[in-house]
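Chains as they are written, first to last, in my numbering: chain P, 1 to 973; chain E, 1001 to 1181.
Just so you know, the hints here were simulated from the structure itself, not pulled from any lab data. Any given hint could turn out to be false.
[Claimed, not checked] Subject to a maximum C-alpha distance of 25 Å in a straight line, what follows is the list of computed DSS-like cross-link-like pairs (lysine-lysine):
no. : chain 1 : residue 1 : chain 2 : residue 2
1   : P       : 214       : P       : 429
2   : P       : 278       : P       : 429
3   : P       : 595       : E       : 1042
4   : P       : 320       : P       : 278
5   : E       : 1017      : E       : 1007
6   : P       : 778       : E       : 1049
7   : E       : 1042      : E       : 1017
8   : P       : 579       : E       : 1017
9   : P       : 278       : P       : 579
10  : P       : 278       : E       : 1026
11  : E       : 1049      : E       : 1131
12  : P       : 858       : P       : 669
13  : P       : 618       : P       : 859
14  : P       : 365       : P       : 490
15  : P       : 778       : E       : 1131
[Claimed, not checked] Sample of chain P residues facing chain E (criterion: CB under 8 Å; computed from the structure):
no. : residue
16  : 78
17  : 165
18  : 528
[What the hints assert, rightly or not] Okay, the calculated bits of chain E under chain P, using three or more residues with CB under 8 Å as the criterion:
no. : region
19  : 1052-1066
20  : 1119-1127
21  : 1147-1155
Every residue, glycine too, gets a C-beta built ideally from N, C-alpha and C.
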Amino acid sequence: MRVQGKGLIDRSRPIGFRFDGHRYEGFVGDTLASALLANDVKLVGRSFKYHRPRGIYSAGSEEPNALVTVGRGAGAEPNIRATVQELYSGLEARAQNAWPSVGFDLMAINDLAAPFLGAGFYYKTFMWPKAFWEKLYEPVIRHAAGLGALSGQANPDKYDRGFLFCDLLIIGAGPTGLMAALAAGRAGVDVILADEDCRMGGRLLAETKEIDGKPGFVWVDEVLAELDSLPNVRRMVRTTVTGAYDSGMFGALERVMHHTAQRDGGAPLETFWRIATKGAVLAAGALERSIAFRNNDRPGVMQAGAVRAYLNRWGVSPGKTMTVFANNDGAHQTARDLLDAGVHVAAVIDSRPDAPDIEGVQMIKGGLVKAASGGKQLEAISVIHNGTTEQIATDCLAVSGGWNPTVHLTCHLNGRPQWSEDIASFVPKMGAVPGMIAAGSCNGEMSTAQCLADGVKAVECALGITVKVDVPAAEDDPYRMRPLWAVPGKGRAWLDFQNDVSVKDITQAATENFSSVEHMKRYTTQGMATDQGKNSNMQALALLADATGRGIPETGTTTFRPPYSPVALAALGAGAQGKGFAPERKTTSHVFSEKMGAPMIAVGLWYRPSYFPKAGEKTWRESCDREVGYIRHSVGICDVSTLGKIDIQGPDAAALLDFVYTNMFSTLKVGRVRYGLMLREDGFVMDDGTTARLSDTHFVMTTTTAAAGDVMRHLEFVTQCLRPDWDVRFTSVTEQWAQFAVAGPESRALLNGILDAPIDAESVPFMACGPVSIGGVKGRLFRISFSGEHAYEIAVPSRFGESLFETLVARADAMEGGAYGMEALNVARVEKGFITHSEISGRVTAFDLGMERMLSAKKDCIGKTLSWRAGLTDPDRERMMGFKAVGAAKMLTAGAHLYPEDQDAHRVHDQGHITSVAWSPDLERYVALGMVRGGSARLGERLRMVDGVRGIETHVEVVDPVQFDPEGGRVRG
Amino acid sequence: MVELIAKSACAGLLPLKIGGLLAAEKDLGVLTAIMPFIGQDKAASDMLKAVHGVTLPEAGRVIGDDDTRIIWFGRGQVLLAGPTPSTDLAQVAALSDQSDAWCCVELSGAGAVDVLARLVPIDLRASAFPKGHTARSMIGHMNGSVSCLGSDRFLMMVFRSMAGTLVHELAEAMETVVART
Chain P
1 MRVQGKGLID RSRPIGFRFD GHRYEGFVGD TLASALLAND VKLVGRSFKY HRPRGIYSAG
61 SEEPNALVTV GRGAGAEPNI RATVQELYSG LEARAQNAWP SVGFDLMAIN DLAAPFLGAG
121 FYYKTFMWPK AFWEKLYEPV IRHAAGLGAL SGQANPDKYD RGFLFCDLLI IGAGPTGLMA
181 ALAAGRAGVD VILADEDCRM GGRLLAETKE IDGKPGFVWV DEVLAELDSL PNVRRMVRTT
241 VTGAYDSGMF GALERVMHHT AQRDGGAPLE TFWRIATKGA VLAAGALERS IAFRNNDRPG
301 VMQAGAVRAY LNRWGVSPGK TMTVFANNDG AHQTARDLLD AGVHVAAVID SRPDAPDIEG
361 VQMIKGGLVK AASGGKQLEA ISVIHNGTTE QIATDCLAVS GGWNPTVHLT CHLNGRPQWS
421 EDIASFVPKM GAVPGMIAAG SCNGEMSTAQ CLADGVKAVE CALGITVKVD VPAAEDDPYR
481 MRPLWAVPGK GRAWLDFQND VSVKDITQAA TENFSSVEHM KRYTTQGMAT DQGKNSNMQA
541 LALLADATGR GIPETGTTTF RPPYSPVALA ALGAGAQGKG FAPERKTTSH VFSEKMGAPM
601 IAVGLWYRPS YFPKAGEKTW RESCDREVGY IRHSVGICDV STLGKIDIQG PDAAALLDFV
661 YTNMFSTLKV GRVRYGLMLR EDGFVMDDGT TARLSDTHFV MTTTTAAAGD VMRHLEFVTQ
721 CLRPDWDVRF TSVTEQWAQF AVAGPESRAL LNGILDAPID AESVPFMACG PVSIGGVKGR
781 LFRISFSGEH AYEIAVPSRF GESLFETLVA RADAMEGGAY GMEALNVARV EKGFITHSEI
841 SGRVTAFDLG MERMLSAKKD CIGKTLSWRA GLTDPDRERM MGFKAVGAAK MLTAGAHLYP
901 EDQDAHRVHD QGHITSVAWS PDLERYVALG MVRGGSARLG ERLRMVDGVR GIETHVEVVD
961 PVQFDPEGGR VRG
Chain E
1001 MVELIAKSAC AGLLPLKIGG LLAAEKDLGV LTAIMPFIGQ DKAASDMLKA VHGVTLPEAG
1061 RVIGDDDTRI IWFGRGQVLL AGPTPSTDLA QVAALSDQSD AWCCVELSGA GAVDVLARLV
1121 PIDLRASAFP KGHTARSMIG HMNGSVSCLG SDRFLMMVFR SMAGTLVHEL AEAMETVVAR
1181 T
């Protein structure tokens, strides 16, 4: 219910919203949780395992219970914590994990079966019969498991990512963080102040204590106004620092649009930031812990600090008859604040016999709350005191078992927190994250005055500077608390509300020897829900310590890992969805090729035309056959710009080429091109290509499209690490030149139609290169062939690429030729036995390719020595050969394996496999390349070819890899 | 005689104006990769100074103006942008024409640095990356070059083939920044 005169909400601005179909009203400044409590909605969800009723428990991101689904349709988001969801007009939220409704949940039958479903029941129960696991148990469990549900449709929301840099990152904007920001900001330091809340101030907004003689929130507003006036301070609200990483890197999730209904205005729903900083101050505060007792998970049992937050910040009392159960003085303030606001407080139960009194309220000192009663919400508590049990009617019990410093981020680089006997909790270890100083209550300082002073000290410590700033006067009460983890007694006392883990589960784990805290966690699932044990870890390990007879420090904590609070995968992957996944590299002929209707295939990042369909053609094969015909019988044009081109210059350029290629390049004449083979250091083939010599000291190397980057890296390695003494320089010119293959018997005739000076067989013989001019544009011409035909490659600066391609294709069309794509290119090269990375698979040698004679005996080269290893020259190795079908089936397929004709298709009989297949329109049969044991020694032999994946089987004959024009007369024109 | 028509890397893609932000293709003139041979840095620098009025920049620096600019472009490599380099330079350095290899885009306007914060993982604060600074870095998922040309003015260069992706990534980031301001 709303309490008049309290809260920082704007009562002049009401907001309508819906929860589970019912319409309610709240105010600007409300969270969904505060608005639900204001409307007396107590039951908001069901627990994971037993489907027990759940109510709002906390007022922050640690909320274990109030998980709801916000929105509808494709963009609906499950598992939103009602405590961090700001209210906006038209907000629609639904309870989750209940069927058919949260009020009547059939799955609550699990709770009746609880005696059989304790910790470890999965492992014990679903062992037999063996076949049932996959067919029955797992599907049933999977169906029942999970919190919330996605829509199943593509996420329509936009997510964003970015990089930020600062000198000081301050995590948390409570008293410590604000004071730190003030100190650092005034000192001119470049500061980012990040806080997960929509409004900065932390506990100061939730308490009635004064700072500097004024209400806490007034002081906060003054500080924020000053920070906003400083250009060196960037304030980031709704931003959770989720992880600490190496070298001063932090991850942070900013919830940009969750507080509005707007989704399509261009702003992202969330932004995931990587923040690099010189220093950091962790001012993350502390989380209030509970005390376990029977049925302490009933809606209406809440954190005492959360009750104060709802009252003081949102003007809401979560109940009409309040009670408080605590083991510390601080929680007494809850009763005082409620009394001041005119809310009835039935009793304060303090476990300490020597607890102080509170004026105007019934104090039960040395008392314990034994059990809560009520169905879907709290109705009464049983209090045991001096041996007698008393029932007290109440609809909200505020519980406080003390506070746990929020040490999470200090542990993200594998640091472990250390036990502090003073506050009976773990505190951060200094230096656990280099450059990050924990300060304030996350460092175990529990009064406001201590926090303010610690904030200043932390800035000095983090940056090694002295700052002059007056620390305002504030509450400095001692933290008086006596640990109490659980109230002994029968029945189930709950620790982890999300995963339904009780005190009994912890002791059972210890009994069954899952006594390490990490084993206990996995056996019971305590701390494995979305709150990651923020509300239960400390109690659970204290109880485990008790059950195993060890101390708490010896028991230790489980590992704190990022993220601090849940992060959507969409936010982590922001920028990489759809087109953002990888850059697209497009050739200069791309637009024109698409106009011609060419489907594109991805080759690495490049897009290349597969084929160019013509009217009337029904299959790709018809187009491909026609295009192969251009190459073989007239002239075809193909964009080959994607091949890597490396410009190599310098007095030692030839020496470098001799070193990286197996064959000799220093002897290559200027104006000539040579084919080269390149080995890796281990002697296997790395890449192949042609290199042209433009002058004594100037070469242009081409690589395959796939290995262009690898070859560039290899050359960098060789010149930086192996031969830094060589005077040679190189850079990529792949993008500088648009290069087109002009292949076929009519290729020279076509070129002579566009070149400013005609060529002939004498001026440009096979494997010649040189400068040319096309309409005054300076280009390069290479007489090389990847098709076995009389062919050229012509290159012009890329700006002219599209224009030249259009010109070449138009001229070819007029000569009954035309453009050809990757498919036709592949057919021509398979017919000729030319290799690509289908053959250079990374485990073949020059010997395997029949190219062992390309290893020059006159010089050393990278990989030469290791290529001589005995295993790599074994004549029985799988070596490249050609294949043709001789069985009833004429189809050959790449990837099919080869076996002796009289043997089973079994791996022990494997003779090799087919690497490339093409339909040869000229030979009117399939042609294939592949690897077969013994290589050329098997020439003429027949083998079984079995494609187990496609279910194709035939017989093949081993033939020479060159199946078309074996004499090679055509290439010389 | 045929006539070949030139087309720039971002033809049809730019300019792009969103809010107060403008992404426009920048014609840097002739681009030449200059890679001084061993021990020739000073000779190359002196020659550049004498002929083109700019020295060899230090790593991470860009010198000059729209007429003649020289950009550090990686280990042992600078990019001369504007004039055709003096042929004498070839005595002391390898020269490689790169005029058509790069897609060059200038991003300007208030918030330009916030756009880049979404694409470039390096510190671009004015204190760390003022005018005259340049870096080879990632731009989205692309390898590229980023230079600060002045307050709220940045030059970005990626491979020409990736022009479409650069414009796409810029448009997304610009839209985000404008929607948030």
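Against the structure, the hints come out as follows:
no., hint, verdict
1, 214/P - 429/P, "34 Å, violated"
2, 278/P - 429/P, "19 Å, holds"
3, 595/P - 1042/E, "51 Å, violated"
4, 320/P - 278/P, "50 Å, violated"
5, 1017/E - 1007/E, "21 Å, holds"
6, 778/P - 1049/E, "29 Å, violated"
7, 1042/E - 1017/E, "43 Å, violated"
8, 579/P - 1017/E, "21 Å, holds"
9, 278/P - 579/P, "34 Å, violated"
10, 278/P - 1026/E, "35 Å, violated"
11, 1049/E - 1131/E, "20 Å, holds"
12, 858/P - 669/P, "18 Å, holds"
13, 618/P - 859/P, "54 Å, violated"
14, 365/P - 490/P, "22 Å, holds"
15, 778/P - 1131/E, "36 Å, violated"
16, 78, "25 Å, violated"
17, 165, "4 Å, holds"
18, 528, "33 Å, violated"
19, 1052-1066, "violated (count 0)"
20, 1119-1127, "holds (count 7)"
21, 1147-1155, "violated (count 0)"
In the structure shown, a violation is registered for the earlier hints numbered 1, 3, 4, 6, 7, 9, 10, 13, 15, 16, 18, 19, 21, in ascending order.
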